[in-house]
Amino acid sequence: GNSVTQMEGPVTLSEEAFLTINCTYTATGYPSLFWYVQYPGEGLQLLLKATKADDKGSNKGFEATYRKETTSFHLEKGSVQVSDSAVYFCALSEAGGTSYGKLTFGQGTILTVHP
Amino acid sequence: ETGVTQTPRHLVMGMTNKKSLKCEQHLGHNAMYWYKQSAKKPLELMFVYNFKEQTENNSVPSRFSPECPNSSHLFLHLHTLQPEDSALYLCASSQDPDSSFGELFFGEGSRLTVL
Chain A
1 GNSVTQMEGP
11 VTLSEEAFLT
21 INCTYTATGY
31 PSLFWYVQYP
41 GEGLQLLLKA
51 TKADDKGSNK
61 GFEATYRKET
71 TSFHLEKGSV
81 QVSDSAVYFC
91 ALSEAGGTSY
101 GKLTFGQGTI
111 LTVHP
Chain B
116 ETGVTQTPRH
126 LVMGMTNKKS
136 LKCEQHLGHN
146 AMYWYKQSAK
156 KPLELMFVYN
166 FKEQTENNSV
176 PSRFSPECPN
186 SSHLFLHLHT
196 LQPEDSALYL
206 CASSQDPDSS
216 FGELFFGEGS
226 RLTVL
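Heads up: the protein sequence lines correspond to chains A and B, in order. Okay, so the first sequence: first residue is 1 according to my numbering, each after it adds one. Okay, so the second sequence: first residue is 116 according to my numbering, each after it adds one.
Fair warning: there could be bad hints in the mix.
[Said to hold, decoys possible] Taking lysine to any residue pairs in the SDA-like style, the calculated list, with each CA pair at most 20 Å apart, reads:
(1) B/K151 <-> B/G129
(2) A/K52 <-> B/E218
(3) B/K155 <-> A/K52
(4) B/K167 <-> B/E182
(5) B/K151 <-> A/G41
(6) A/K56 <-> A/G78
[Said to hold, decoys possible] Partner residues aside, some chain B positions facing chain A, computed with beta carbon under 8 Å:
(7) V119
(8) K155
(9) K156
(10) P157
(11) L158
(12) L160
(13) V163
(14) E168
(15) L205
(16) L219
(17) G222
(18) E223
(19) G224
Note that these hints are calculated values from the structure, not bench results. Glycine included, every Cβ here is placed at the ideal spot set by N, Cα and C.
Excised from the complex, chain A in its bound form:
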């Protein structure tokens, strides 16, 4: 079956530091890949996505590139802010048919950014 593995957290950084959160996946076929973010007290919201190999998703200064050869989708940001403190989830969606809405999530990585 499909699976997503994220780096263990929590991750604690100072403001303006560089962020990387690793994500690797196992899937049959060619899944779509996503990063969702959950701010304190809120539901998850889509941060960025990539639907095919070598695509780069980007939003709010965050980027992730779909690497089929390494089955990875690492999240990066060049300069984090305190407001980026949240839980980040990597996820994949099975390709084809009616499976797009059925996401497989990683366990989440807690990010805390200090001033």
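For this one, chain A is given, so just place chain B on it according to the hints.
Leaving out everything else, chain B in the frame of chain A:
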């Protein structure tokens, strides 16, 4: 009104109680989902409804009973739960599982505690 609204936000119940969680989406979407978020575990898909029809039951125990009377409303009826069922229950919606490319819109969740 916000996109996906869940009530109640917090619920405490005994193992012999019967209660219900409610979800309403104001986005005109056709698919709705229940996910379970437990501490230190990945989000688990529970149920999927597409155009009011259940298309996925991810081996969920029968003490959880979903109901989808229309494309805008989704309920999760709870009875004779166990303490290990304590979790955050997240409702989500999407335009259509076939075309959404995995972009789900989540509510803020209902925090359930079973005593």
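Tell me, in ascending order, the numbers of any earlier hints that this structure violates. Those not satisfied are hints 3 and 14.
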